[in-house]
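Trainee: In case you want the letters, here they are:
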Amino acid sequence: MAAFAAARSSRGVLSAIKASFNTFANVKHGLAVAPIAQSHLLQHARWYSVSHLSVHERIDRKRNAALVGGGQKRIDAQHKRGKLTARERVELLLDPDSFVEYDMFVEHRCSDFGMEEDHNKFPGDSVVTGQGRINGRLVYVFSQRNVLASGVVPQISLIMGPCAGGAVYSPALTDFTFMVKDTSYLFITGPDVVKSVTNEDVTQEELGGAKTHTAVSGVAHRAFENDIDALLNLRDFFNFLPLSNRDPAPVTECQDPSDRLVPGLDTVVPFETTKAYDMLDIIQGVVDEREFFEIMPNYAKNIVVGFARMNGRTVGIVGNQPKVASGCLDINSSVKGARFVRFCDAFNIPIITFVDVPGFLPGTSQEYGGIIRHGAKLLFAFAEATVPKITIITRKAYGGAYDVMSSKHLRGDVNYAWPSAEVAVMGAKGAVQIIFRGKTNQAEQEAEYVEKFANPFPAAVRGFVDDIIVPSTTRKRICRDLEVLASKKQTNPWKKHANIPL
Amino acid sequence: MAAYMITPTLQRVLLSAKHVSFQSRYCVVAGRARYSVVYDASEKVMKTCRKMGIKTVAVHSDVDANAVHVKMADEAVCVGPAPTNRSYLNMDAIMDAIRITGAQAVHPGYGFLSENKEFAKRLAAEDVVFVGPDTHAIHAMGDKIESKLLAKAAKVNVIPGFDGVVENVEDAVKIAGQIGYPVMIKASAGGGGKGMRIAWNDDETREGFRLSSQEAASSFGDDRLLIEKFVDNPRHIEIQVLADKHGNALWLNERECSIQRRNQKVVEEAPSTFLDPDTRRAMGEQAVQLAKAVKYSSAGTVEFLVDSKKNFYFLEMNTRLQVEHPITECITGLDLVQQMIRIAKGFPLVHRQEDIPINGWAIESRVYAEDPYKSFGLPSIGRLSQYQEPISLPNVRVDSGIQEGSDISIYYDPMISKLVTYGATRAEALQKMEDALDHYVIRGVTHNIPLLREIITNPRFISGDITTNFLPEEYPEGFTGHRLTPEGRRELLATAAALYISAQLRSQRFMGNLRVSTTSQEQSQWELQVELEKKSHLVSLSRSGSSFTVEVDGGSVEVSGEWNLASALLPLSINGNPRVLQCLSRDATGQITLQYLGTQFKLRVLSRLAAKLTGHMPEKVPEDTSSILRSPMPGSVVAVSVKPGDMVAEGQEICVIEAMKMQNSLIAARAAKVKSVHCKAGETVGEGDLLVELE
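Read top to bottom, the protein sequences are chains A and B.
The first sequence begins at 1 in my numbering and counts up by one.
The second sequence begins at 1001 in my numbering and counts up by one.
In case anyone wonders, no lab produced these hints; they're calculated from the structure.
Just so you know, these numbers come straight off a predicted model, no measurement behind them.
For glycine and all other residues, C-beta sits at the position ideal for the given N, C-alpha and C.
Treat the hints with care, as some may be off.
Stated by the list, open to error - Beta-carbon label-pair distances, calculated as ranges:
id : chain 1 : residue 1 : chain 2 : residue 2 : range
1  : A       : Thr-364   : B       : Ser-1627  : 52 to 62 Å
2  : B       : Asp-1096  : A       : Lys-488   : 48 to 58 Å
3  : A       : Phe-457   : B       : Thr-1684  : 35 to 45 Å
4  : B       : Asn-1577  : A       : Glu-384   : 52 to 62 Å
5  : A       : Phe-457   : B       : Ser-1544  : 50 to 60 Å
6  : B       : Glu-1683  : A       : His-497   : 48 to 58 Å
Claimed, not checked - The calculated DMTMM-like cross-link candidates involving lysine to aspartate or glutamate, where the alpha carbons are at most 20 Å apart (straight line), are:
id : chain 1 : residue 1 : chain 2 : residue 2
7  : B       : Lys-1612  : A       : Asp-97
8  : B       : Lys-1620  : A       : Asp-95
9  : B       : Lys-1602  : A       : Asp-95
10 : B       : Lys-1620  : A       : Glu-225
11 : A       : Lys-275   : B       : Asp-1407
12 : A       : Lys-275   : B       : Glu-1683
13 : A       : Lys-323   : B       : Asp-1407
14 : B       : Lys-1071  : A       : Asp-266
15 : B       : Lys-1612  : A       : Glu-291
16 : B       : Lys-1534  : A       : Glu-225
17 : A       : Lys-323   : B       : Asp-1689
18 : B       : Lys-1295  : B       : Glu-1146
19 : B       : Lys-1612  : A       : Asp-266
20 : A       : Lys-181   : B       : Asp-1407
21 : A       : Lys-275   : B       : Glu-1619
Chain B extracted, bound-state conformation (with noise of 0.2 Å):
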């Protein structure tokens, strides 16, 4: 998507300034593309630069032509089909594109070659403001030995680990041994979590050396390695910097961004609850002596682990806009793009450090698409078929670069936006967050709502004792969804029976002068049975106008509301208490699917009759899944590691699958011979597919 947008913005920001330095007709944004991380970066751009009467030129690759992001700008440009490395970050396409709009600026956005000094370099030679931070400030950034060695210098807190290049498997796992396990091994180049690799053990290193590097050359072009100790129980604080080209630098506080699956943030929040003033600030001199050493200019982000004792270590900078840059601009006030861009044309920092604030709470959950059942989330794709964002309530915003029919491909980052409520307090942001997530509206493709929306309602989680090892201490079995209090089921049942019977009344009320029975005459009163989870329930309703009472499991509900079966949302009264649940979908059999408190659940209605006779129906028998591997998630084959004829023992690689730049290795689940395989390296695989077969 979206992607380097091109303004011709910095002329007028320029000359809204009264500083006409030069004349510039257009600013580039170079965001990224359904990396809704980078469209939704493009689009915030966007916005801001439309303040400051910046013009824009979006740059898109032929697949995104229609995303929000080219939409907003004023120009757009293609840059190349689908696949990044053809597009997005495709140096050439994108100078070209510079050069034909005439624009002056380029704003990268959050990814693809936002950390790209070469691009920086080029667009410097062409006269062109990058905004952000310098080449040799990206440079020393970019790498994270080289960066090391500057925190280490500039009295940073840092890490024990190996500064250097990890030469070779075997090399790999000697400097793991000195190290001392756990060790973290990952990419030289790049960060967001790929080519990032913890080991626990020598067989755990090779692997983890293999597979990182390969990630890292095929997502940054880069294949070293490096390899540090490993921080047990850390959470993972950054703290956001400000800098301008005279030397001035802020730190605008700190994002907890502990809540991560696979060492990608899942939840973020701003402030922290676990930072006192006194290691808040000295977290923020250290990022500001960082910035400072690097002569840092521009926003920028550094990030730190910590550990329960509060002891601090730096872990890397982003020389870029973070996807999570909006909760600072909630709890500050500040408008970091804006300030980006002032910083770019050479204004100094108006802020003193005295001036930044922190007022109320900020917490941003990222939607992803992707299946949350299945290690805290793999990826889906789809055709998003309703769309609908929860921004009618108030304090909710929401960061996207996606509408209702786009879709959601195998090329780009699997995020559909960023979600972001604020409070006065951390209990009214989270409040809020949990209406917002009731009452976002996606359909087409698999999300994580649900594991957002129990994240949110954890008591850990609300009481702040988290780390980046959160979910898997949660949820040891992997998520499985929300799971119902006895009163949670009896709402969940009696709101099913009122929505079943509401929908058999209206199937019963025709327009016009049709033959239908006039004889017969509206009931009141219904005996059902709803299964829910495999268990039947009994369940009596009687109706008062739109007003259910629902005799279930011993208990009973009042269940009232509109009853729109055509509208996505389904906004009840259950017991007096306001409750916004969503109906996925709902079929002629009774079938009815419930988003209930985030979680969907599969519920059956049947009429007693209907149901006493469901027991004759004769069972079908499931696909037999053990001697089967299916792909888990759509995306390409990178390699099949059998063939036909060959053992396997159990957990064995058997193939690797990329998606969204994420490559995963499929195992066998049992020893067995290899029956036939249906795929080959380079295949683009969908979810489901079958991949191997075992005898």
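In isolation and in its complexed conformation, chain A is listed as follows (with noise of 0.2 Å):
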């Protein structure tokens, strides 16, 4: 199956989606809870593949006992449990009539604990892969491993029950993982092993369900409601994708003027350089209809990621959230804005960041926890990346941190200030201490600081940024300018693959 998924996308064909849809995993080897109706049917479909009916006959009935899978009765099983079956799975995420499945009649080849026997077998077990389309533009779906495929197509891990052991490293290796509260699980060794090794006492949701992974290990990148509000939203994720790493970003109908002033932003950053604003309040209010589809909302919330349109045109968005530890630089939001800029330079989407840093966090957590090898992973990201890159700054761009942030050292291909940009070595406060350690007149040294370099005006005559633009005029500066960008070429140097600093 690996290699079979393996080798149609490195044709470059199109985008998969690899979900976990092991519907029926749960229900262990099968045979104890299998009611009689139901094995009496399934006696049925094993006698007939060796009797004397014709080959077309033999189809249809595989075909048939393969839609049905495990019988109603397992069917209602997995419903009880709040969950629908693989097969309604893909079809509320296909468009209608758009699936095509493959390998219906791959049976398991079991032969321990009686799985060998006629009622323990299913065509199309476990589970269904083919392709399908999703708004007209085609994907694959299917199950496992497909690590060839990495930066090709892209690749979403779907998880819609429990999924433990090695088989965890299937989702790890795609590009997103999307979690359904209350019923999917990711764990290495689940809460039995946990209490027989370290005696821990853990729940498998505390363990790996998905208000862990998306708040606390930043393993999963969103968790949705229930099945049917994961598959929606996937299908609604799908459109800001392009089909592999040869397409172009998609670009949709757009009926939200590209030339629309936004009169919000001109009073969004307080006047305090120390008050905190919501950076979500800048990009809803830049982006095509308001609409952005954040990535990773609950980890690392000192960083906002997440996909936007601009004039119908899938943009990548990374901005520093000021109401979050006034949005500096860590460990886990330098790993998540790394890995977010690395998935949109791998497929084409134009990055636009939005900078409001005072730094990066100081301390010896910080600081034995690797916080320069991290935040060079976002360094690297950035500098490597050859898909246009906007930034805009709104406020603070201090020192290192400004830097990594997409900065002009960096090749940002346009960056902009608002008038309320600072950008300096640190903050006013700080420098003085430093620069008239001892000294008396500190306030006054201040307010020259302030005067000096507490405004964009240093950065602007050294050509660091490109402009000091209105806030609200921003968003028409940048529709503009991906139009322009939109032909950018870039290559770097050739090499076997970088070595990002992991």
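Build the complex: two chains, separate frames, hints provided.
Mentor: Right under this line is the structure:
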């Protein structure tokens, strides 16, 4: 299966969605619970496979048996758990009548523990694979790992049930992992093993539920309420993505004027430089129809990443979030940002970066945790990215963190500053304490520093920002620049692959 | 927001009037900040000043630096941080602003220092003109006890009550008993519903006395209270007066302000449907008598309570421009601000009483950042992410001091704007108001447009049969939003389904040469299911161009429009009738929120397949709310009356939250033991923040 999937995708055909549609996985071995009526049906199914029916009839019967899967009882059991069957999921995900199934006749070949018996064999066992369309665009739906295709087609995993052991690396290798709240779990070892090895008491939900992975571990990128919400959101999300690394980012019909002024942006940044505001207010104001598909909204909230459209064209948005930890960069936010930037660069999605960053988070926990190494990932990702890069400094852009956030020094194509921007080594207070250590009239020095550096001019004079723009014109400027940059071609020197600071 | 604008006004006024009696460079206009009441006053004042060739200086708190009135003014001076007592009520800072800018006159707007005699006195001491009445009139009318005595002496009808200050709680109970319940306890200083409570028994008198005196102290710096008879089923009708410094006075007809909640006005109109010419004249003449008795000059308002027999009683006199003054301007054609400035300068009135007409009908809706589903309006805060006023409609006037991006904070009153419509007849003015409310886009804060639109289309309101108890009488269980008729429901369902399909179709249209299936042809028929108010409806659609024919609930609805999914407004033709809806949100899972007839409805549109499978989805258990107390609004905690381990009885006060200067006592929903307390006095809390947990 893996090879099959890889082969398909490496032809560069299409986009793939990897779905952990292991619907029946938690019905262990099936035999113990298989009720009589069902085994009757299945025995019947096995019977004809050795009868003298014509091949055509055998195909039809097999196909019907495959569609029923484990039988109505098992479908009901799945429903009772608040989940849909694999076939129902595929049907909801794809455009009506667009699904073309592969390998419907595959059966498992396990011969241990009575699994070889007829009533434990189902055509199309465990997984449903094939191709279909989402809003008319081709997509592959399948299961299991597909390592080689990373970077070739966008891959999304939707976890809709328990997934444990080595199987968890299948979603881990895809670009995005989404989970269903309360019904899906991901862990290397389950609560029983955890108990026996470390004597920790932990529930499945605490150990590997959607909340854990979207807020604590950062393994999953979004969680949805239930199967239906997840699949419908996946359809929506798919529209942001190009079909492969050779396709441009999609452009959909846009009714939001590209030259729309956004008056609210002129007042969004507070006067006190220490006061927080919500970066999402800026993002939603700027993008088409205020529609922003946020990735990892509950993890490392001091950075905001996600997809939106500008004049119909998909863009990736990265922004510091002043509302959380002043928007500083730390280990988790650097990794979150870096991974997102890498995805955008791999799939021709322009990156818009909104900067309000007071610096990297200081402290032993960060240094011991390797902030240098992890911060370097974000630096590396932005530096290596060859897609169009537009950067808007809304307020603070201090020190090394300024550099990292898609600055001119990292080959930013267009870098703007709002009038409230402060591009400096650090804030006035900290700087004065160092420069004028031991001197008395620090308030005066601070005022001088603010006058000199707490504004966009030093950066503009040096060409580190291309222009100081009126905030309400930001959308208009970005849309215009994206059009200009649509034909951007940039190549990095040949290498087998770069060595990202992992 | 704004507030004090200083304008180099008077000089020009005077010059243009060819009376250069004193040199003035600026006129300070003092209004109130985000008290829209106030700032809109400042704006209005500035507009008029500009018309008169007067330059203006706005004073503002630091959070209001970007406010509209500040932008409109020729100069602006920051007078302090957000809390009003450190900015807009900070007389020293305002006097400094006047000195710095050389302003020679001050227009105080509607609030803050507009009725503060101390302020007027200090201005007089520095030879700065106060655009308003003389100090003694402010003093006399600002004190409710004294004003009543004066009114009595001027042969104005007054309500039976107690002419004196209430000493303490027991005194209050005694006086209330003498007058007879119900009684009204109110702050001797101030107005606007603050520090005002109705008590129906001794216990309520005690509680009302305590809360009102605290509110009075925090809002006006004066905790004196008085008690009077509460007139049941009254109408609130007020007379606008205009008096000059030469002993002339006019009455400019009435404003009907009976639609109130918690003694604050919501919808006002001029004229009143209730007054006959004789009553109007009698009220007008008494108002003028009072103005003359206190040697009043400038614009002022005499408020009356009117009973069903058209007996009227003097309530109080407001010695400032009222929020609702535009409706008087509409029907009389006078610019009250201009009149005020002329009077301040010393000109005599140019109009005579017989010159004052009633032309047409004007309605004003006060658009508040409030949740109307909670006690007809509890304050809400937030950032106005989208904001469009319906000013493109004819005969619609919007006075506001906010703009897209403005923050509605807990520091000021939650008024967003005054929406005024005008028509030749009342019916026409009401129709305009409906249109204006439908076209008003406010996103980011909860607002009271649902309530306003229900009021102006309420049959009892339309008939004119109203009292100040209109809201609790019409909505005894509280306001619940628009009740859909079967036809309305079909329209709403059809619109949601058509919007959903429009969005679906658009999401299949990719520009450029992308590998999109060429075999699939565009669908023109759909079978959907739409959920609304917990009921599912099967819906069939067929499309031709931008027009949908929708079969739903046994009826057929024709709905067409541009289906611009980026626009805040959704102008449609439904069965041939124009109708403007707003799409407030729309997501990938078919959730759509539409504003229809003012009220927001949540719908969910699903394909038949998704709808069939939805039944299998697990139900999420909502949080048990009977044992937790959350803040119903953003504000600050004034007092916490319980600690962990306490037993509380049902209805017992748990804590007091102050928001927008109103104190709200939060009570236990049931008898229980207090498990934990998550707030303490002085803290700021947001809406929905956990305050106290019960066991």
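Trainee: Each of the hints needs a verdict: does it hold here or not?
Mentor: Hint check:
{"no.": "1", "hint": "A:Thr-364 <-> B:Ser-1627: 52 to 62 Å", "result": "41 Å, violated"}
{"no.": "2", "hint": "B:Asp-1096 <-> A:Lys-488: 48 to 58 Å", "result": "56 Å, holds"}
{"no.": "3", "hint": "A:Phe-457 <-> B:Thr-1684: 35 to 45 Å", "result": "36 Å, holds"}
{"no.": "4", "hint": "B:Asn-1577 <-> A:Glu-384: 52 to 62 Å", "result": "59 Å, holds"}
{"no.": "5", "hint": "A:Phe-457 <-> B:Ser-1544: 50 to 60 Å", "result": "59 Å, holds"}
{"no.": "6", "hint": "B:Glu-1683 <-> A:His-497: 48 to 58 Å", "result": "54 Å, holds"}
{"no.": "7", "hint": "B:Lys-1612 <-> A:Asp-97", "result": "17 Å, holds"}
{"no.": "8", "hint": "B:Lys-1620 <-> A:Asp-95", "result": "28 Å, violated"}
{"no.": "9", "hint": "B:Lys-1602 <-> A:Asp-95", "result": "26 Å, violated"}
{"no.": "10", "hint": "B:Lys-1620 <-> A:Glu-225", "result": "9 Å, holds"}
{"no.": "11", "hint": "A:Lys-275 <-> B:Asp-1407", "result": "14 Å, holds"}
{"no.": "12", "hint": "A:Lys-275 <-> B:Glu-1683", "result": "18 Å, holds"}
{"no.": "13", "hint": "A:Lys-323 <-> B:Asp-1407", "result": "16 Å, holds"}
{"no.": "14", "hint": "B:Lys-1071 <-> A:Asp-266", "result": "13 Å, holds"}
{"no.": "15", "hint": "B:Lys-1612 <-> A:Glu-291", "result": "28 Å, violated"}
{"no.": "16", "hint": "B:Lys-1534 <-> A:Glu-225", "result": "18 Å, holds"}
{"no.": "17", "hint": "A:Lys-323 <-> B:Asp-1689", "result": "18 Å, holds"}
{"no.": "18", "hint": "B:Lys-1295 <-> B:Glu-1146", "result": "15 Å, holds"}
{"no.": "19", "hint": "B:Lys-1612 <-> A:Asp-266", "result": "47 Å, violated"}
{"no.": "20", "hint": "A:Lys-181 <-> B:Asp-1407", "result": "34 Å, violated"}
{"no.": "21", "hint": "A:Lys-275 <-> B:Glu-1619", "result": "40 Å, violated"}
Hints 1, 8, 9, 15, 19, 20, 21 from the list above are not met by this structure, while the remaining hints are.
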